[in-house]
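Start from the sequences, fold in the hints, and give me the full structure.
Line by line, the protein sequences give chains G and E. Quick note, my numbering runs 1 ahead of the 1-based positions in the first sequence. Quick note, my numbering runs 9 ahead of the 1-based positions in the second sequence.
If you're looking for bench data, these hints aren't it; they were derived computationally from the structure. Owing to the predicted nature of the structure, the values given are computational and were not obtained by experimental measurement. Built from N, CA and C at the ideal position, the CB exists for glycine as well. Among the clues, some could well be false.
[To be verified] Covered by chain E, according to a simulated footprint, are these stretches of chain G (three or more residues, beta-carbon under 8 Å):
no.	segment
1	174–183
2	187–200
[Claimed, not checked] Using C-beta positions, here's what the derived DEER-type ranges look like:
no.	chain 1	residue 1	chain 2	residue 2	range
3	G	N242	E	K112	55 to 61 Å
4	E	D174	G	V24	15 to 21 Å
5	G	A205	E	Q220	44 to 50 Å
[Stated by the list, open to error] SDA-like mimics (lysine to any residue), calculated; alpha carbons at most 25 Å apart, straight line:
no.	chain 1	residue 1	chain 2	residue 2
6	E	K138	G	V177
7	E	K112	G	R192
8	G	K276	G	A263
9	E	K112	G	V200
10	E	K112	E	A74
11	E	K176	E	T162
12	E	K138	G	L203
13	E	K330	E	W301
14	G	K62	G	L33
15	E	K138	G	A263
16	E	K138	G	P178
17	E	K112	G	V177
18	E	K138	G	E182
19	G	K276	E	A141
20	E	K138	G	V195
21	E	K138	G	R197
22	E	K112	G	R183
23	G	K243	G	I84
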Amino acid sequence: MRRRGRWLFPVVRHALLLAWTAVTLFPIYWMLMTSFKHAGEWVTWPPRWFPHEPTLVNYVKVLTPGTSTFELGRQTLKILKPIGDSLIVSGFGALLAVVLGSALAYSWARFGTGGRSYPYNILSIRMVPPIVIAVPFVVYFVTLRLLDTYTGLILVYVATCLPYVIWMMLAFVEEVPVELERAARLMGASRFRVLRSVVLPLTASGLVVTFLFVFILNWSELLLAMTLTNTEVSTIPIQLNKFQSANEGRDYGPQAAIGTIATLPVIVLGFVIQKHLLRGFSFGLLRK
Amino acid sequence: MAGIQLERLTKVFGATRAVDGIDLTIPDGEFVVLVGPSGCGKTTTLNMIAGLEAPTAGDIWIGAARVTDWEPGERSLGMVFQSLALFPHMTVFENIAFPLRIKRVAAEEIARRVRTVSDTVHVGHLLGKRPATLSGGEAQRVALARTLVVQPTVFLMDEPLSSLDAKLRVEMRTELKRLHAALRSTFVYVTHDQAEAMTMADRIVVMHQGQIQQVGRPLEIYGDPANRFVAGFFGVPAMNFVEGELRPETNGARFVAQALGATLPGHSIVAGPASLGIRPEHVRLADGRESWPATVSLIEPLGDETLVFLDYGGPASLVAKVDAEEKLAVGDRRSFTLRLDRVLLFDGTTGGRIMG
Numbered sequence: 002m003r004r005r006g007r008w009l010f011p012v013v014r015h016a017l018l019l020a021w022t023a024v025t026l027f028p029i030y031w032m033l034m035t036s037f038k039h040a041g042e043w044v045t046w047p048p049r050w051f052p053h054e055p056t057l058v059n060y061v062k063v064l065t066p067g068t069s070t071f072e073l074g075r076q077t078l079k080i081l082k083p084i085g086d087s088l089i090v091s092g093f094g095a096l097l098a099v100v101l102g103s104a105l106a107y108s109w110a111r112f113g114t115g116g117r118s119y120p121y122n123i124l125s126i127r128m129v130p131p132i133v134i135a136v137p138f139v140v141y142f143v144t145l146r147l148l149d150t151y152t153g154l155i156l157v158y159v160a161t162c163l164p165y166v167i168w169m170m171l172a173f174v175e176e177v178p179v180e181l182e183r184a185a186r187l188m189g190a191s192r193f194r195v196l197r198s199v200v201l202p203l204t205a206s207g208l209v210v211t212f213l214f215v216f217i218l219n220w221s222e223l224l225l226a227m228t229l230t231n232t233e234v235s236t237i238p239i240q241l242n243k244f245q246s247a248n249e250g251r252d253y254g255p256q257a258a259i260g261t262i263a264t265l266p267v268i269v270l271g272f273v274i275q276k277h278l279l280r281g282f283s284f285g286l287l288r289k
Numbered sequence: 010m011a012g013i014q015l016e017r018l019t020k021v022f023g024a025t026r027a028v029d030g031i032d033l034t035i036p037d038g039e040f041v042v043l044v045g046p047s048g049c050g051k052t053t054t055l056n057m058i059a060g061l062e063a064p065t066a067g068d069i070w071i072g073a074a075r076v077t078d079w080e081p082g083e084r085s086l087g088m089v090f091q092s093l094a095l096f097p098h099m100t101v102f103e104n105i106a107f108p109l110r111i112k113r114v115a116a117e118e119i120a121r122r123v124r125t126v127s128d129t130v131h132v133g134h135l136l137g138k139r140p141a142t143l144s145g146g147e148a149q150r151v152a153l154a155r156t157l158v159v160q161p162t163v164f165l166m167d168e169p170l171s172s173l174d175a176k177l178r179v180e181m182r183t184e185l186k187r188l189h190a191a192l193r194s195t196f197v198y199v200t201h202d203q204a205e206a207m208t209m210a211d212r213i214v215v216m217h218q219g220q221i222q223q224v225g226r227p228l229e230i231y232g233d234p235a236n237r238f239v240a241g242f243f244g245v246p247a248m249n250f251v252e253g254e255l256r257p258e259t260n261g262a263r264f265v266a267q268a269l270g271a272t273l274p275g276h277s278i279v280a281g282p283a284s285l286g287i288r289p290e291h292v293r294l295a296d297g298r299e300s301w302p303a304t305v306s307l308i309e310p311l312g313d314e315t316l317v318f319l320d321y322g323g324p325a326s327l328v329a330k331v332d333a334e335e336k337l338a339v340g341d342r343r344s345f346t347l348r349l350d351r352v353l354l355f356d357g358t359t360g361g362r363i364m365g
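Right, here's the structure in full:
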């Protein structure tokens, strides 16, 4: 029994894992294939696993300028402006959050700014469902005229990213030995010089990883973007979501093309930072 | 060149008085070792001299200046940390050059001075390497070079040798002493290792529970300790202590303990509980006017000398350091005497020294 179990268990385990991988990857595979299919192949029975005549027409359609076009009564949504909008709000949102959050993390790690429980308090923001803060934001933004603006969405993204940035950067800052900073201070370096010459170089990779991580979060954020924007600002998730409406409903090819374009950076960046993410999120587990 | 003066220096962390109002004057050019068990306040004292910790009360003078409120960088100190604190993202050259770059020294001057100092401490061949690739001894020398390059008037060292293996540590001790002899700068060196303190110091400052217990030359501290703590801290193996009672006698005093009593001529002392301290080298295997029988319970040969544990009937064994030639076996019955001129007496309650 034991001998048989020895090879049986890994086989069963791998079979289960493979099956689960297939289940999770199938929609992505289907999206990718559909994005290369002509309209006639989108819904056929039996389904076609590969496009018989692969085409880039869906990509060409969604990547032309403008917001939408009508063709045979069907509206096709464009993606260029949403890509730009997404880059602007995700990028600036992540950048500001990293600048503010890492300063906060450093300040807390070294000087205990805000008291012992400060990072936990900030983390509690993330425990509130986003929809709870979305509605009050609408009220504020109407008053402040920030509704449907880049500034407004960027500010909200900074707020939602800060807890992640602070916690990830805490892990990276605490890896810099205090004695390095003390040594530099003794040599006459100002606090700013210590930051520039010692702390920044030693946390640079952490800063990059943290930036990419919150960038991805912003890139795929739908709820707040949908609540706080209308026509002026339209990120990729919003644009994708519009395909759910009746007008644009069955435009599967371009929808799949947009989906593929939207997913690409997430997958690529995910691979780039996956090793570091483990380190950033293992705070408190491996040390002390 | 500068001396250091500490006045009523105090540091309180929460409920603990890490450093409790110490006064200390370190003359210019002296090699002073602060020594004590961990938590005695020696590192906190050093950090306050460096400016890395702000004193709760008291003052620090370096040279003629009161530097209590000065920034660490303004005190023209060099410090070697326990962890060495080499910058891992810089080459050895950049590490040594760093303090010069902060002082905005010209590039050619930096190159020249880095080269000179790295030759002095024999790290000239390592300049292109990163700290992570250095051996313990090499890293130690680089840290030293980085401190030396700005020619500070005062050197602070926080257990700089503790990460080295035993052999290298002994070598570096000698080297640091040579360096001090060559520079004639003031050295303040912190360690918990009494052997390091004994071998390197011009003067030793013994600290315990935030207070200075004794300040003195190594042999003074060893031979003439101020209290029981100092007596027990120095010396390997540690001094023997026998708990007992002092009784005045006509011509001096008599120390009485379980299975051991000694007449101490010339002592005029108040009666009361006391402990008798005697170093292992002052316990002799011999018969004398006053000698006690004992059984040899353990023998530890050191090569040049041998440690003998003697069970004489008291609560603990007495350790004697005897000549290696001495013929001994466990279980032997031998008599021992104490060199009465080297016996130290301590107050049974305060631990303070009782002088005859």
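Consistency of the hints with the structure:
Coverage of the segment 174–183 of chain G by chain E holds. Counting CB-CB distances below 8 Å, 4 residues qualify, and the rule asks for three or more. With a cut-off of 8 Å between beta carbons, the segment 187–200 of chain G has 8 residues touching chain E; three or more are needed, and the interface restraint holds. For the pair N242/G and K112/E, the supplied restraint of 55 to 61 Å holds, since their beta-carbon distance comes to about 59 Å. At about 57 Å, the CB distance of D174/E to V24/G disagrees with the hint of 15 to 21 Å.
The given range of 44 to 50 Å is respected by A205/G and Q220/E, whose C-beta atoms sit roughly 45 Å from each other. A threshold of 25 Å between alpha carbons decides the hint, and for K138/E with V177/G the separation of about 20 Å falls inside it, so the pair holds. As the CA atoms of K112/E and R192/G are separated by approximately 15 Å, the hinted pair is consistent with the 25 Å bound. Among the hinted pairs, K276/G with A263/G is consistent with the structure: their alpha-carbon atoms are about 23 Å apart, no more than 25 Å.
Under the criterion of a C-alpha separation no larger than 25 Å, the hint pairing K112/E with V200/G is consistent with the structure, at around 19 Å. Distance check on the hinted pair: K112/E and A74/E sit about 21 Å apart at the alpha-carbon level, within 25 Å; holds. At most 25 Å may separate the alpha-carbon atoms for a hinted pair to count; K176/E and T162/E exceed this at roughly 29 Å. Using a Cα cut-off of 25 Å, the hinted pair K138/E and L203/G holds, with the two alpha carbons roughly 17 Å apart.
Restraint check: the Cα-Cα separation between K330/E and W301/E comes to about 16 Å, which is no more than 25 Å; the hinted pair holds. A distance of roughly 16 Å separates the Cα atoms of K62/G and L33/G; the hinted pair therefore holds under the 25 Å criterion. A hinted pair counts as satisfied when its Cα atoms are at most 25 Å apart, and K138/E with A263/G does not qualify at roughly 44 Å. For the proposed pair K138/E and P178/G, the alpha carbon gap of about 20 Å is at most 25 Å, so the pair holds.
Between K112/E and V177/G the CA atoms are separated by roughly 24 Å; this keeps the pair inside 25 Å, and the hint holds. Simply put, K138/E and E182/G have alpha-carbon atoms about 21 Å apart, close enough for the 25 Å limit, and the pair holds. As the CA atoms of K276/G and A141/E are separated by approximately 22 Å, the hinted pair is consistent with the 25 Å bound. Our distance criterion of 25 Å between C-alpha atoms is met by K138/E and V195/G, whose separation comes to about 22 Å.
Among the hinted pairs, K138/E with R197/G is consistent with the structure: their alpha-carbon atoms are about 22 Å apart, no more than 25 Å. With a C-alpha separation of about 17 Å, the suggested pair K112/E and R183/G falls inside the 25 Å cut-off, and the hint holds. Between K243/G and I84/G the alpha-carbon distance is near 15 Å, which keeps this suggested pair within the 25 Å criterion.
The structure does not agree with the numbered hints 4, 11 and 15 stated previously, though it agrees with the rest.
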